[in-house]
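Visitor: As a plain string of letters, each chain reads:
There are 2 protein chains.
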Amino acid sequence: MAAIVTASLDVMGGDKGAGVVLPGAEIALSRFPDLRFRLFGDEAVVGPIMKLHPKLAAVSTFEHCEISVKMDDKPSQALRRGRWRSSMWRTIEAVKSGTADYAVSAGNTGALMAMAKFCLRGSAEIDRPAIAGLWPTLKGESILLDCGATIGAEADVLFEFAVMGAAMARALLDKERPTVGLLNIGVEEVKGLEQIRIAGQMLREAALPHLEYVGFVEGNDIGKGVADVVVTEGFAGNIALKAAEGTARQIAGYIREAVDQSLLARLGFMLASGAFGRLRRTLDTRRSNGGVFLGLNGIVIKSHGGADAEGFAAAIEIGRSVAKSRIVDKINEDLAQYRASRLLEEDARLAKTGAM
Amino acid sequence: MAAIVTASLDVMGGDKGAGVVLPGAEIALSRFPDLRFRLFGDEAVVGPIMKLHPKLAAVSTFEHCEISVKMDDKPSQALRRGRWRSSMWRTIEAVKSGTADYAVSAGNTGALMAMAKFCLRGSAEIDRPAIAGLWPTLKGESILLDCGATIGAEADVLFEFAVMGAAMARALLDKERPTVGLLNIGVEEVKGLEQIRIAGQMLREAALPHLEYVGFVEGNDIGKGVADVVVTEGFAGNIALKAAEGTARQIAGYIREAVDQSLLARLGFMLASGAFGRLRRTLDTRRSNGGVFLGLNGIVIKSHGGADAEGFAAAIEIGRSVAKSRIVDKINEDLAQYRASRLLEEDARLAKTGAM
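Quick mapping for you: the protein sequence lines, in order, are chains C and Y. The first sequence begins at 52 in my numbering and counts up by one. The second sequence begins at 52 in my numbering and counts up by one.
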């Protein structure tokens with residue numbers, strides 16, 4: 052029998068809350084019967100909707116929470132106002148207490164990250180957390196991190212992101228030794244990019260067993276799939292991911308508009324629907340929905356606030372793959388191993404210097 | 052009679068050099084007969100191709116240059132090796148000497164920016180230069196800056212970028228008081244974003260006559276056209292522009308692939324070609340080709356190295372519009388006026404404090 056995987060869900064998060072979270076969980080369950088759920092939310096809201104999903108109810112526990120973090124709450128407010136009674140906090144806490152393997156929320160990103168940091172504190176081996184996102188490419192999918200948790204990362208932080216991203220690629224993309232690139236801009240010898248160059252040097256010299264460093268990657272290379280993992284600091288990563296999503300949506304809008312205007316175009320699209328499969332998959336941002344918080348002592352998945360049930364199901368499924376792969380342990384092992392080898396090298400170097 | 056506009060062109064720049072630059076110039080000339088050209092390049096290469104373009108030759112002067120900056124030259128190398136004899140340098144120098152209204156090169160961006168800074172030094176009112184690019188949106192086009200000249204800009208630099216971008220929007224988009232937004236990420240209260248908040252405050256308080264500040268803009272908002280001008284530092288700007296371009300190319304590739312696979316899809320596309328006009332214009336990255344260097348004492352346009360003749364013509368035409376609008380003077384006037392008003396306010400404040 053396959054091992055059970057338990058997800059804790061913040062039923063109040065997102066623009067539509069329970070109306071998306073519960074049907075989304077039921078979709079994920081239909082595809083992955085090994086899922087179990089711990090649900091946190093307001094009983095008055097969740098109860099009636101739960102009755103419509105008996106299959107889900109059969110594999111879930113529900114706990115009432117008095118407070119819901121609002122989509123426009125500032126992280127500091129969310130942390131102040133009766134934090135420990137909110138559905139968001141309790142969803143994360145289930146991971147800390149070990150009663151869930153991972154948490155999913157479509158709530159306010161800032162509040163979720165603040166609570167996740169507070170509750171799951173940084174992993175012993177990791178300086179700063181990152182949010183990893185999926186990017187549809189010509190070759191399949193790549194992972195981009197950081198998508199907004201850590202702004203202006205230094206070289207050692209970028210190095211850690213590379214290790215975390217590679218561990219996620221092993222879990223999600225089924226690659227033995229994923230390729231990793233550092234996001235950079237074409238203009239060389241520009242001030243302010245030293246940390247990226249140093250991170251590249253560190254990755255090359257480290258020659259880690261679980262990642263293959265392939266050098267710098269530019270913004271237009273990500274979609275070509277030149278690296279399984281693309282590493283950058285959180286500001287540029289967030290902007291890149293959203294710029295690409297926005298462009299895909301914009302173009303999808305033009306296609307819809309054109310098809311609606313012309314019967315023949317519609318006919319052509321319908322008859323060629325197989326041929327347009329890759330296009331549709333790329334434009335379907337629901338499939339890649341789910342930012343994975345890495346660098347904490349537990350897995351938290353952020354779903355888009357505006358995701359529909361299919362999108363929320365994708366976030367649950369991404370979390371399931373990540374949780375099943377014991378990713379937190381793997382990251383810590385990789386980093387601990389790397390640091391130990393660095394210390395040995397340093398000792399050897401000092402010994403040699405002393406002997407001369 | 053309309054005033055003549057003279058462009059100096061680096062005929063050796065770009066992946067295909069003269070084979071793209073000369074036909075591109077002829078295309079631009081056919082659309083804008085007020086254009087005149089000063090051409091710089093290697094006579095042995097340019098001569099034979101020039102014979103194929105008699106209309107262009109009739110409105111151009113040509114000067115032989117011994118040296119061509121290579122696409123993979125580092126900026127420091129380009130500045131060292133016989134700089135003043137290279138076609139790139141002399142193209143820029145024509146702007147400095149006043150014999151051309153603006154310069155266009157498809158050469159190495161880093162070398163071009165380094166030479167442009169060296170030759171046209173920073174404008175008296177501007178701290179740091181920026182590269183401004185065009186972004187096709189649902190509403191038409193927006194301007195994004197900086198696309199890679201200045202990494203990690205502080206608040207006052209972002210403020211200057213806003214003024215420069217607004218001046219360019221007045222020139223290119225024909226807006227009296229363009230809207231300006233600051234690129235930011237959704238997560239609030241994250242370290243490292245103070246400079247963006249301060250720049251926003253400065254723009255709001257300045258209440259400049261030639262720009263309307265509309266607040267923060269996220270990566271997925273740019274394509275919606277929520278602001279005529281989107282301001283950010285050069286790293287994120289470069290990544291955003293290239294990520295969006297890459298996504299548009301990727302999707303265009305899927306569409307071509309699908310249409311090639313199915314006769315009916317092809318038929319539908321052909322018959323509905325009118326309806327697909329907006330889609331095609333958005334996917335046609337040639338139309339928005341041309342990064343405008345702002346903040347220098349003269350206008351330099353960077354064309355994509357891989358642009359074709361139509362793309363290079365677009366870069367020439369963007370430069371023509373910018374040059375005709377006296378943009379350098381306008382930017383300096385706007386900033387001088389703003390700084391004078393700040394000094395008056397400061398005096399008034401000091402006088403008041405003294406009187407109390």
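Everything labelled a hint here was simulated from the structure, so no lab data went into it. It is possible that some hints are incorrect.
Given that identical chains are not distinguished, each listed pair holds provided it fits within a single copy or across any two copies.
As the list claims (entries may be wrong) - Listed next, the in silico DSBU-like pairs over lysine-lysine satisfying Cα-Cα at most 30 Å (straight line):
1) Lys-125 to Lys-381
2) Lys-275 to Lys-67
3) Lys-275 to Lys-190
4) Lys-121 to Lys-226
5) Lys-147 to Lys-190
6) Lys-102 to Lys-190
7) Lys-125 to Lys-403
8) Lys-125 to Lys-102
These figures come from a predicted structure and were not determined experimentally.
Visitor: All hints, please: hold or fail.
Guide: Evaluation of the provided hints:
{"no.": "1", "hint": "Lys-125 to Lys-381", "result": "neither (33 Å within a copy, 40 Å between copies)"}
{"no.": "2", "hint": "Lys-275 to Lys-67", "result": "between (34 Å within a copy, 23 Å between copies)"}
{"no.": "3", "hint": "Lys-275 to Lys-190", "result": "both (7 Å within a copy, 28 Å between copies)"}
{"no.": "4", "hint": "Lys-121 to Lys-226", "result": "neither (38 Å within a copy, 38 Å between copies)"}
{"no.": "5", "hint": "Lys-147 to Lys-190", "result": "neither (36 Å within a copy, 47 Å between copies)"}
{"no.": "6", "hint": "Lys-102 to Lys-190", "result": "neither (42 Å within a copy, 45 Å between copies)"}
{"no.": "7", "hint": "Lys-125 to Lys-403", "result": "neither (54 Å within a copy, 38 Å between copies)"}
{"no.": "8", "hint": "Lys-125 to Lys-102", "result": "neither (33 Å within a copy, 66 Å between copies)"}
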